[in-house]
Structures are given as structure tokens and as C-alpha cells.
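K.L.:
Going down the list, the sequences are from chains A and B. Residues in the first sequence are numbered consecutively from 19, following my numbering. Residues in the second sequence are numbered consecutively from 4, following my numbering.
No wet-lab data here; the hints were simulated from the structure. These figures come from a predicted structure and were not determined experimentally. By construction, the Cβ of each residue, glycine as well, lies at the ideal position given by its N, Cα and C atoms. Hints may be right or wrong, so weigh each one.
Claimed, not checked - Derived CB-CB ranges, DEER-like:
id: 1; chain 1: B; residue 1: Ser212; chain 2: A; residue 2: Gly266; range: 33 to 39 Å
id: 2; chain 1: A; residue 1: Gly228; chain 2: B; residue 2: Ser189; range: 41 to 47 Å
id: 3; chain 1: A; residue 1: Asp73; chain 2: B; residue 2: Glu170; range: 27 to 33 Å
id: 4; chain 1: B; residue 1: Asp193; chain 2: A; residue 2: Gly228; range: 55 to 61 Å
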Amino acid sequence: MDKILVGLKRVVDYNVRVRVKSDGSGVDTDGVKMSINPFDEIALEEALRIKERGDASEVIVMSIGSGEAQQQLRTGLAMGADRAILVQTDAAIEPLGCARIFKAMIDKEGDVGLVLLGKQAIDDDNSQTGQMLAAIWGRPQATFASEVVLDGDKARVTREVDIGLETIEVDLPAVVTTDLRLNEPRYVKLPDIMKAKKKPLDEVPVAELGIDAGPAIEATAYEPPTERGRGVMVDDVAGLITALQDKGLV
Amino acid sequence: MSKILIIAEHNGSELNPSTAKTVACAAEIDGAEVHVAVLAANAAAIASAAAEVDGVNKVLTIERSENEHPLAAVLAPQIVAMADAYSHIFGPSTTFGKDLMPHVAALLGVNQISDIMSVTGSHTFKRPVYAGNAIVTVSAATDATVVATVRTASFSAAGGGNSAPIEAADSNADIPSHTRFVSLQSGKTDRPDLQTAAKVVSGGRGVGSSENFGIIYALADKLGAGVGASRAAVDAGYVPNEMQVGQTGKIIAPDLYIAIGISGAIQHLTGIKDAGTIVAINKDEEAPIFEVADIGLVGDLFQIIPELTDAL
Ligand SMILES: Cc1cc2nc3c(=O)[nH]c(=O)nc-3n(C[C@H](O)[C@H](O)[C@H](O)COP(=O)(O)OP(=O)(O)OC[C@H]3O[C@@H](n4cnc5c(N)ncnc54)[C@H](O)[C@@H]3O)c2cc1C
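Here chain A stands alone, though its shape is the one from the complex (with noise of 0.2 Å):
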């Protein structure tokens, strides 16, 4: 195949305890670590072994965002990817704008032979945004990923299901979302970072392609979660038998 597009989404670092304004807005991101969304750093990695296995010629990775996402997208293009593209917007966009995106810069690509995407990000938990490609590209999706197999015009995908591990046969082009367990994501070496900064990376303002976002899903408040107190401590086993039993639950 010749392109893999790769999707990664700035967010909120993973360690990072998130807190609601309180005005109730938003949450407050102001000076705290951003990463790239740690679904999409495995997403990435698997491109980077595909075509290092010789499946593919070209790693692309694409995001979606304010100016400020250049600095996954170096990240990215440290890893190993060719070159970068960022779809700039200050506004947030949902995931079947994000999808439509996608699919406008597939069509603007052409010969994109796999989509390989977050199954989530970890800021939204929406876990949206590959099945919405896949439907509207007409093409086949093969979610929460932990093992893809290419086999000329076809993947063998095995995904993480609540029941175990089931594994599909989809006709490339294709869109894959990843989850934790199909690889671990390499560290970006110095002398990656230095040469990284002379990859390609292409800005695309939105407006550019005339995506329609469709209905819009308004978030209207933000609340804090109630919180679990602390309860008590027992010393030992018979403390935690009785602690049970008064609790009705031995």
C-alpha cells in the first residue's frame, strides 16, 4: 500500500487530574501538560512497523486543532512519520466533523490504503471518530485493535471485545482504531527530534475544505464528580469480616 494516515489528538496528559472550573465551563487545561493521546502514539507506532516491514511507503500523521498541536505532530514526526499535516481550527469539532475531515483529506491524498486511529481520546471518551470515518468512506472498520495482520488487499484484525477476542477479516482500504495491548510505542530519540524539525508539516485552515459538522451536541455545564470519601480502616482479616458482615455483604 502506499499511505498510512495516521490520526493524533493533543490532550491533556493521561497523569494529570483534571479539574472543573468553577464556574462550571470547562475544565481547567491552563498550563498543564498536553501529550499526544496515548491511543494514537500506539496508532502510530503500528504504522511505523508496517512500513518498516515494507507494507507501506508513506507514514502521515494528521491532527485536528489550534496551532498549539504542531508540537505532537513534531512529536510524531520524530517517531518516525514522513511528513504531518494540521487541520487548523480554534473552534472544537466533533467527531463526525472530524470524521468528514478526514475523509476530505483521504479524497485530497488519494491512495490512503489504511486509517489507523485512537479508539479514544482520552480528554472526551467519545470513542467515535474511526467508526464515523468508516461509515462515511464506505469502507471497513475494525475497532480496538490488539493485532493487525496484512495480507495483501486484506487485514486480519483481532479486537478487544467484552466477551474476549474476536478477530475479522476486512478488504483494504480500511479504518483500525487501536487499543493498549497491540503494541508499545517507542521512545523519540534526540537526534530524532533535530531532524524531525525539517519533515514536512502542511497547515490546512478548516474553512479550506467546507466540512459540514453537522447537528451540533452543545455541552451546556460541567460539574465536578461526586466523590467517594474515605472510609475506614481495619487492621486485620477478622476486622475486615466484621466490617463486611455489618454491611451485609458476607
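Given the coordinates of chain A, work out where chain B with the ligand should sit on it, guided by the hints.
P.N.:
Using the frame of chain A, we list chain B with the ligand on its own:
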């Protein structure tokens, strides 16, 4: 008035309990008429189970041999063919629903609401974001179909005893052949299902090996509990992936959850926030799991667990 279509989850012969939970969510919308669609190769047994669920007004079946395995690309066009009659289309927020519902939404040209945890109005819902560290109220447009998944841990299954009518819906929707089922590897156990068990015992990295997990199973069997695990325990190969509890695994709400050798990372806690009582057993008294545990015991799990199992 809201007319809601719920896509039944099943394994080819039995209705999954996630369906009755999705019905419970739909029933919270005032004056809703609730239909359940069973897409299967053989729908009869599943449809009669769905017809018994309280709050269901009608069950629609689509029997096609292609529906033997739940492939989103196959099911979605059939659902879209029925969509016109409905204001809402809901599925459970299980891997089945998460795979399918966004595909349906995109074919209908609408955005989707993931993981409804409570109903505020016919078009207004609450859902968790940022691994459950924030709850957002969302409003969908009233002039478009609402497509959503329901966070099953937030709803108790609707009761039984109903006898809704069952009708065959005709569907000659075009189905693509580009996606094919190959195999399913499922670790069938006699233990209670993790997603519906009243009691769950989970082990983490602290358990140390798959052999050591034997003591977790022994305790679970004594309690009649399902067994779960942290991501670290799954990644290390102690247990299979379907046992992972958390943000990216299963979200569960048992009456009793016992976390053993689990530190309590936010991604894990997201999966157990709705548990009735959380018990934590960990040798590190500083472990964050103790901040949410109702009952905590500091100590070595290799001493505590066998002793506890014997004493019960
Ligand atoms: C994108 C993303 C998604 C994730 N999704 C999930 C998810 O869905 N579910 C999930 O669980 N994690 C998830 N994680 C991983 C999560 O961040 C933690 O790494 C993981 O939960 C840690 O598992 P653990 O508590 O078993 O291991 P550790 O954090 O290593 O904790 C092991 C604990 O065992 C205790 N221990 C060790 N030996 C003993 C002993 N002999 N007796 C008693 N206690 C002992 C230690 O004190 C320690 O507290 C995710 C991470 C990312 C980045």
C-alpha cells in the same frame, strides 16, 4: 413525543443484560415509546426475552444470515433503514454498542452522545469525560435523530414480566461484504459475569503472576464473585483482556468490589466509581486506592487473601 429504538445486544441465542439497562435509561424519558430491534440470524429466543423487559412497547426482529455475528458495517445499514420512525436510537455502551452506534450516527449525518449516565430531558443528558473526572451536561438538537450509547453501570436493569408484541420488520437494506467475521476466542467461565456480578474481586500487578492469580479466583469462588483485573495485570499476561476494569476496560457497578494489589490509578477508579462498597487490600498504606475505599486493609496480599478465603 419521543419514540426510541433500542438495538439489542446478544450472543446469537441470549439477550445480553446490557439491553435491559439501556431500556431503563430510555424509560426515564417522559412519555417515551420504546421499541427493541433484534438483528440476528435466529431472532426468536432473543426477541421473546426482549419482549419480557418492562417498559418495552414492541420488539422488532430482522432475521438475516449475515446478522450471525455483530459487525457494525453489516448491522448499521439495517438500523438506518428503520430510523425514520424514531426520534432516538440507543445502544449499550459496551464494545458492541461503541462499535456500532457511531457508525449508525454517521450514516444518519448526526453526532452521537456517548455514555449517557443520566437523563435530564428528552434531548439533555449527563455523561462523564476525562476518565470520569468531570461530568458534562449535553444537549442534542431537537430537529435531528438522537443517537446515543448508554453507560450501563449507571442504570439498573429494567424488570421482567412484560409481554410486548413481537413483529418482523422487513429489511432489504444493502449490506457490504468488505468486513467478515473470522473467529471469537472467549474465555467462558462458570463464574458470574464481570459486568453484572453483584460481587467482584480484582487483582492487580501486586498479584505477580498468572499462577498467583489462583488465590484471587479461590476468594472469588468462595464469595460467588466475578473476577476482574487492572490493566497492569492484563498487560503482564496474568489474565485475559476481557477482565480489565477501568476507563478503557469495563465500567462496573457491583455491590461489593475488592481491589487486591491494585494501586488505584484514575483510569482504574473510573471503572468502579459506582460500586456499592469498595474494599482495598494493599501493602502500601499510601496507595491512592485507600482514598476511595470504604474498607481498607494494609498488608501482604499473599497472607491476607488465603486467610480471608479460609475464614469465610
Ligand atoms: C490511556 C490509558 C488507559 C488506561 N486504562 C486503564 C484501565 O482501563 N484500567 C486500569 O486498571 N488501568 C488503566 N490504565 C493504567 C493505569 O494508569 C495504571 O497503570 C494501572 O491501573 C496500574 O495497575 P495496578 O494498580 O495493578 O499496578 P500498580 O500501579 O503497579 O500497583 C500495584 C499495587 O500492588 C501493591 N502490591 C504489590 N505487592 C503487594 C503485596 N504482596 N500485597 C499487597 N499489595 C501489593 C502495590 O503496593 C501497588 O499499590 C490506563 C492507562 C492509560 C495511559
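K.L.:
Hints first: check each against the structure and report whether it holds.
P.N.:
Cross-check of the supplied hints:
At roughly 34 Å, the beta carbons of Ser212 of chain B and Gly266 of chain A sit within the given window of 33 to 39 Å. The beta-carbon spacing between Gly228 of chain A and Ser189 of chain B, approximately 45 Å, falls within the hinted interval of 41 to 47 Å. Between Asp73 of chain A and Glu170 of chain B the beta carbon distance is about 48 Å. The supplied range of 27 to 33 Å is therefore violated. Taking 55 to 61 Å as the suggested C-beta distance range, the pair Asp193 of chain B and Gly228 of chain A conforms, at roughly 57 Å.
Hint compliance for this structure: hint 3 alone is broken.
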